[in-house]
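Visitor: Quick note, the sequences are listed as chains A and B, same order.
In this text, residue positions in the first sequence follow this note's numbering: the first is 1, and each later residue adds one.
In this text, residue positions in the second sequence follow this note's numbering: the first is 1, and each later residue adds one.
Among the hints, a few may not be true.
Stated by the list, open to error - Simulated crosslink set (DSSO-like; lysine-lysine; CA at most 30 Å straight-line):
1) B:78 with A:68
2) A:152 with B:36
3) A:305 with B:92
4) A:247 with A:189
5) B:81 with A:305
6) A:64 with B:78
7) B:36 with A:305
8) A:305 with B:172
9) B:98 with A:68
Claimed, not checked - To list a few chain B residues with every Cβ distance to chain A over 12 Å, as calculated:
10) 53
11) 58
12) 71
Stated by the list, open to error - Examples of chain B residues toward chain A, derived with CB under 7 Å:
13) 40
14) 73
15) 116
Since the hints were made in silico from the structure, they are not lab data.
Think of the CB as a built atom: it goes at the ideal place given N, C-alpha and C, for glycine as much as any other residue.
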Amino acid sequence: MIAPPPQLSAPGIGDSVGHDLLEVSLGPHHPSTHGVFRMDVVLDGETVVKLTPVFGYLHRNHEKIAEKNSYLASIPYTDRLDYMCSMTNNWAYVLSVEKLAGLAVPERAEYLRVIVAELTRLFNHACLAGFLLQDMGALGTPMMYAFREREKILDLFESLSGSRMMCNYMRFGGCRCDLPAGWLEQAAKVAADFAPFLDQFEALLSENEILRARCEGVGVLPRDLAVNAGVTGPGLRASGVNYDIRKVDQYGVYSRFKFRVPLGGRGDVFDRYMVRILEMRESLRILDQALRDLPAGAILNPRVKLRNLRPKAGEAYGRIEAPKGELGFYLISDGGPAPYRYRVRPPSLVNLTVLEDMCLGHAIADVVIILGSIDIVLGEVDR
Amino acid sequence: MLGCGILRGLIETGRNFCGSYYDPARLTTVQYPEEKLAPQENARTIPFLVYDGNDPLAGLRCTACTICELECPAHCIKIVKDTAKKPDYLGKMQFQPKVFDIDIAVCMSCGICAEVCPFDSIKMDRVFELACDHRALVFHRTDLAKSNEYFRQIHPLEAAVVDASRAEERRKAQARKASSPVPAAP
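Next comes chain A alone, as it looks inside the complex (with noise of 0.2 Å):
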């Protein structure tokens, strides 16, 4: 994709004071952009008057080959979407096929998968945070305890499937197979030592005085914007909005787990930092719940063909609240082997659009801790 000129001429900008605007390319091999993501930055002075994204750079033509494959053959390369979250993609996927071929889940696979999906928001949120810190300058320590967790997860999710990132662990009907021995265990501990790092990871710098002052009142998102953008997730979240699609769809089994939503109040990257600090501990409540509830009994619903489903002709969009928002799948049906449409609604993409929005008229060095509040991976954002 190629991003039209800016507007150097645009009047009342640059001219009335004498001197030129400066075009910065931020990216795409630029450390803060998390990715291979690049700004097209117009800086008066320091401040920022025009901001385009520049994506595409990750694009792997993800759909048109979710067209040609079986519908099996998709559920790998939907975990190559937010690599961080395989588990949630395979969800949002197999979601919208139980959807299109009126497929029933077993119940212990259902809490098999919101264990998963809480274990992937979990490490997703402490990630997010540790590199939203980095960006704000605590080089290092916050990313390294993050990762530490992270770590302990994602054992628990090699041990289960097999792969530590990329899991390809649900299928539609269910989930692939059933818990190692120990596993349990493993998990109930894991979740029990993770509220004191959460304690811990606050005291770290969520009362710091500098990284308030820095964060405080930066990369507003007003509630309207946020409701008429499209964005979901933390980030709207954030900005007061209550809607979690855990709570308006109440996919799965997640009508039967007590939690709240927290929500933020002004919209800015501290609140969104916050909401997300807050969400894990959300997790923590349910994951501790499904922990105990999980009941006994088959994972795979035995009349699901995984080869060859010829799904009735017909549509589906299937979604789910995935760490950064809401990830939804749109399929359509012709009766082959395979979709004739295969669409995906990335909420890293959506959330990218209020980019330039939240950073017109702030200093440079907040676009980078800005964008890292957003949450984006870029392989969901170009697919």
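Could you slot chain B onto chain A? The hints should help.
Guide: Frame of chain A; chain B shown alone:
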């Protein structure tokens, strides 16, 4: 008071720094390659072909049914059927592959081939030190064939299930053979 938050954070950093000196549980880094983590039962990297007996090619369980070739998401498997047949573990004549290639550079280690294989022939390996100084990354059936003993060693639980089900099938087949009426000699 201004500065309290900064001090709290510094105390936390200090605690973590000092903690790593007296508590070995805090030292989470594994010093690879001198030190390696214990492998997991489920770990998967690239596929391999299981053979029974001593001859890697004659003992291949693969019957060249091409299900894995069709289902592979990355289309990295290529199979050509041999015209000659060979008896399988039940004594039934089955096809065998003349060519069985996997492009390891394309394979994304998803494990779908192993999942869909109805003959328990293709399984996931857990070798990960595959770096090499050449480009011969298409593995032929001679490179892919590994013994059932190796499979038992890397996936003990799964191999036990597979072995038991195959032994059961063989027992049933023999029972059928024994009970079927033998044509009387003239």
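Visitor: Honestly, which of those hints from before does the structure not fit?
Guide: 7, 12
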